[in-house]
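Heads up, the sequence shown is in the working numbering, so the first residue is 1 and it goes up one at a time.
Among the clues, some could well be false.
To be verified - Listed next, the in silico SDA-like pairs over lysine to any residue satisfying Cα-Cα at most 20 Å (straight line):
| no. | residue 1 | residue 2 |
| --- | --- | --- |
| 1 | Lys178 | Gly218 |
| 2 | Lys153 | Gln97 |
| 3 | Lys108 | Ile127 |
| 4 | Lys178 | Gln162 |
| 5 | Lys178 | Arg128 |
| 6 | Lys313 | Lys344 |
| 7 | Lys313 | Gln288 |
| 8 | Lys198 | Gln162 |
| 9 | Lys198 | Gln248 |
| 10 | Lys331 | Arg317 |
| 11 | Lys335 | Gln263 |
| 12 | Lys320 | Trp333 |
| 13 | Lys153 | Gln212 |
| 14 | Lys153 | Gln168 |
| 15 | Lys344 | Thr323 |
| 16 | Lys320 | Ser283 |
| 17 | Lys198 | Gln147 |
| 18 | Lys42 | Gln77 |
| 19 | Lys320 | Asp340 |
| 20 | Lys331 | Phe293 |
| 21 | Lys153 | Gln193 |
| 22 | Lys335 | Pro324 |
| 23 | Lys42 | His67 |
| 24 | Lys108 | Gln57 |
| 25 | Lys331 | Gln297 |
| 26 | Lys153 | Gln102 |
| 27 | Lys42 | Gln57 |
| 28 | Lys313 | Pro324 |
| 29 | Lys335 | Arg317 |
| 30 | Lys331 | Gln302 |
| 31 | Lys178 | Ile127 |
| 32 | Lys153 | Gln172 |
Just so you know, these hints were derived from the structure itself, not from any lab.
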Amino acid sequence: MAAQDFSGQNVLGQLFRGQNLRNADFSNAVIRMADFRNAVLKNANFQGATLEQADLQFADLQAANFHQAKLPFANLQGANLQEASLVEAMVQSSNLQQADLQNADLQKAKLSFSNLSQATLQEATLIRADLQQVNLEEAILQRADLQQVNLQKAKLREANLQQANLQQANLQEANLQKANLQQANLQQVNLQQANLQKANLQQANLLLADLQQAKLEGANLQQANLQQATLLSADLQNADLQGADLQQAKLQFANLKGANFQQANLQRGNFQSSNLENAGFQSANLQQAKLQFSNLQGADLQGANLQGADLQKADLRGAKYLTPAQIQAAKNWDKAIYSDDFRKHLDG
């Protein structure tokens, strides 16, 4: 059967529910408020079409072409969009809840304010897409390409972004609570004021990332790369940074109370005026770290390397497993604050 041709036509409000429209041509057509529920539209061509408020719930749109199509306020809930092309498509304020977009191409697509909760975007391409304030809660984005994507104020709670590429993405004020970002590429990403509480960032690459005022309480950052990252005034209470690389990271005024830095590389990190109370630094590398005015009360420094670290006005009262040899390898150790008992050991 020959493919049906609707190209350039005005099919406003037409009923296509459940029809077999495989390979149909709707290019440049006006299809506002049309009903495509459960329709078969594999390989259909919607290039340049206007589908405002169209109902495409549970439609089979596998490998369909929506290049530069307009789909604002469309309903694509549960639709199959595997390998579909939505390059430069306008899909703002649309419903894509539980839609399947595996391997779909959404480069430069505009999806702001849309609902993509529980959607599957595994290995999808979203380079430079606009996803401002979208709902991606519990969405699957494993190995998706999200370079330079705009996810400002997006909802990504419990989303799976394992091994996703988010290099230079904007996630300012995004909610990533309990999100899975294991082995994700977050180089130069903007996570200012983002919520990453209890997120899994194990082995993630956060080189040069901006996490100013981010919430990372209870986050898993084991073996993460945070070299030269900015974490000014960030909240990392009880975060797990075991084996993480924080060389030259900026953590001034950060709250690191109870954080685990066991075997972490903190060389030349800046912890000035930060709260490190009860933090664990067992076998950590703090060489040349800036610890001026930091609160290290009750911190565990067993085997920590403090060679050349600046301890001016650092508060080390109640620090555990600290030895005079460790302290005297640091700079300005004599200007730090110690408990009376430990001060006697140093003076002796």
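Problem - Non-conforming hints, listed in increasing numerical order - result: 5, 9, 11, 17, 24, 26, 31
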